[in-house]
Amino acid sequence: MLTNQNIDSQNKRLTCKFLDILYIEGLQLPSKLHDQVISGFNTLNSQDEMQQEGKFGALSLISVNKKNYDAIVQEGYFDDAIDSLSEKTIKKEVESVVINSLLIFLRNIYINSSEYTQQIMKQEIRANTLKKLVVQNDYKNETQILESSLIYPETMNKLMRIRRSVINKGNQYIIELIVAGLMDELFKEFDQLMKKKVYKYNNLKDRVFIYNKENEQEQIKSGHQIGQEEEIIRSSNENMEKADVYSTKSYEYEMYQLKRQNEEGESDKESVMGRKSLNEVMHIQYFGRPSADEQENESDQEKEIDLERDCGVNDIFNDNEDNKDKDDKDEEKEQEQENYEDDIEITEIEGFGEEGLMLIVMEIIKSLIYNNQEGNNMIVFETEFIDNILKLLNNN
2 MLTNQNIDSQ
12 NKRLTCKFLD
22 ILYIEGLQLP
32 SKLHDQVISG
42 FNTLNSQDEM
52 QQEGKFGALS
62 LISVNKKNYD
72 AIVQEGYFDD
82 AIDSLSEKTI
92 KKEVESVVIN
102 SLLIFLRNIY
112 INSSEYTQQI
122 MKQEIRANTL
132 KKLVVQNDYK
142 NETQILESSL
152 IYPETMNKLM
162 RIRRSVINKG
172 NQYIIELIVA
182 GLMDELFKEF
192 DQLMKKKVYK
202 YNNLKDRVFI
212 YNKENEQEQI
222 KSGHQIGQEE
232 EIIRSSNENM
242 EKADVYSTKS
252 YEYEMYQLKR
262 QNEEGESDKE
272 SVMGRKSLNE
282 VMHIQYFGRP
292 SADEQENESD
302 QEKEIDLERD
312 CGVNDIFNDN
322 EDNKDKDDKD
332 EEKEQEQENY
342 EDDIEITEIE
352 GFGEEGLMLI
362 VMEIIKSLIY
372 NNQEGNNMIV
382 FETEFIDNIL
392 KLLNNN
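Residues are numbered in my numbering as their position in the sequence shown, beginning at 1, plus a constant of 1.
These are calculated hints, taken from the structure and not from any lab test.
Some hints could be false.
[Said to hold, decoys possible] Capping the alpha-carbon separation at 27 angstroms, the derived lysine-lysine pairs in DSS-like fashion look like this:
hint, residue 1, residue 2
1, 189, 159
2, 89, 33
3, 93, 68
4, 68, 132
5, 132, 159
6, 93, 67
7, 367, 189
8, 18, 67
9, 367, 123
10, 68, 133
11, 92, 68
12, 93, 18
13, 141, 92
14, 92, 133
15, 33, 18
16, 141, 367
Turn these sequences into a full structure, and let the hints guide you.
Given below as structure tokens:
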């Protein structure tokens, strides 16, 4: 089936799926036919969407096994996948049955590749492409999993091994996973992700508070009559969304500034901070800022200054000059933001990483719980643990 040139790519994909289930470490090809099978997909260059989906669907299954990795890279399939993904996301409206197969293929190649190849793939996969896909329900999950793979390849590799074992294999292999300590790794990762979820929720509440205060301040600056009641506080869901967008733009701009400082050879302290991991930079930036109470006090002081200015205490010409300077600075920031978005790399975007890991962890745990319900009580879950799972499922 796999060597027959008359068989279409969809049937080859189904054949690969069957062989993939048979082997724990992924599809194994006979040594005599190994190169012939993998190179044979080069002949399947049809522009038909279903044929392309079959081709990369089959390759995504073959790429699970590390023994097939070298041949896949030599044939240039990962370059083809990146180019195809870029082409299919150029239009404003993205709609293609091939995209999920491309995302899965790139993820499998990345987590099994060398550090050198990973660096090349990071440069080739554009963040703007993934940002466009992650907001669409059809591609959201696989996009988030690819994002997690780009940032945490080793962790994702372990989770993928566990997922394959839990979903496709029997109880004996799950026992081997427990003995090898991989199940401990799973629950450790779940615990860390839960803590990050709580941290992000608390962080988001602080951002909502700051957003409301700054929004109120902008209302006063825009010339509204003092004492006029404005509907500043919207519904909780609206504020959460606005604050999230506000925070993302602010964070991306700050990351862009760090990148510029590194390129221009700023001080050692700033350079070291720019070289830190994404999580470290987020930690430093968040805890290095004033608390919410301090922000509120500063906002109150600024309000008093603005009130004095509006009452005529400050010179009106100075006020106009300040507004002009503010407009110039805003335009400069907008231009820098546009330049940044044109040159952004995947590792510089806030929030990428944890969501994809959580998707895989949740899928594994749901499968384990289902096995318990079927009477295969390999792992016993505490009530509190199950409650946390249900909370996450409701939130997602």
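Taking the hints in turn, this is what the structure says about them:
1. A threshold of 27 angstroms between alpha carbons decides the hint, and for residue 189 with residue 159 the separation of about 12 angstroms falls inside it, so the pair holds.
2. Distance hint between residue 89 and residue 33 is unfulfilled; the C-alpha atoms sit about 36 angstroms from each other, more than 27 angstroms.
3. A C-alpha spacing of about 39 angstroms is found between residue 93 and residue 68, which places the hinted pair above 27 angstroms, so the restraint is violated.
4. Taken as a hint, the residue 68 and residue 132 pair is broken in the structure, with Cα atoms around 32 angstroms apart against an allowance of 27 angstroms.
5. For the given pair, residue 132 sits about 26 angstroms from residue 159 by alpha-carbon distance, which is consistent with the 27 angstroms threshold.
6. This hinted pair does not check out: residue 93 and residue 67 have alpha carbons roughly 36 angstroms apart, beyond 27 angstroms.
7. A distance of roughly 16 angstroms separates the Cα atoms of residue 367 and residue 189; the hinted pair therefore holds under the 27 angstroms criterion.
8. Our distance criterion of 27 angstroms between C-alpha atoms is met by residue 18 and residue 67, whose separation comes to about 16 angstroms.
9. Only pairs whose Cα atoms come within 27 angstroms are accepted, and residue 367 paired with residue 123 is rejected, the gap being roughly 31 angstroms.
10. At roughly 33 angstroms between alpha-carbon atoms, residue 68 and residue 133 are farther apart than 27 angstroms, so this suggested pair is violated.
11. Using a Cα cut-off of 27 angstroms, the hinted pair residue 92 and residue 68 is violated, with the two alpha carbons roughly 37 angstroms apart.
12. Restraint check: the Cα-Cα separation between residue 93 and residue 18 comes to about 33 angstroms, which exceeds 27 angstroms; the hinted pair is violated.
13. Only pairs whose Cα atoms come within 27 angstroms are accepted, and residue 141 paired with residue 92 is accepted, the gap being roughly 17 angstroms.
14. Under the criterion of a C-alpha separation no larger than 27 angstroms, the hint pairing residue 92 with residue 133 is consistent with the structure, at around 10 angstroms.
15. In summary, the hint linking residue 33 to residue 18 is supported, as the alpha carbons are separated by about 21 angstroms, within the 27 angstroms threshold.
16. Between residue 141 and residue 367, the direct Cα distance comes to roughly 20 angstroms. Compliance with the 27 angstroms bound is thereby established for this hinted pair.
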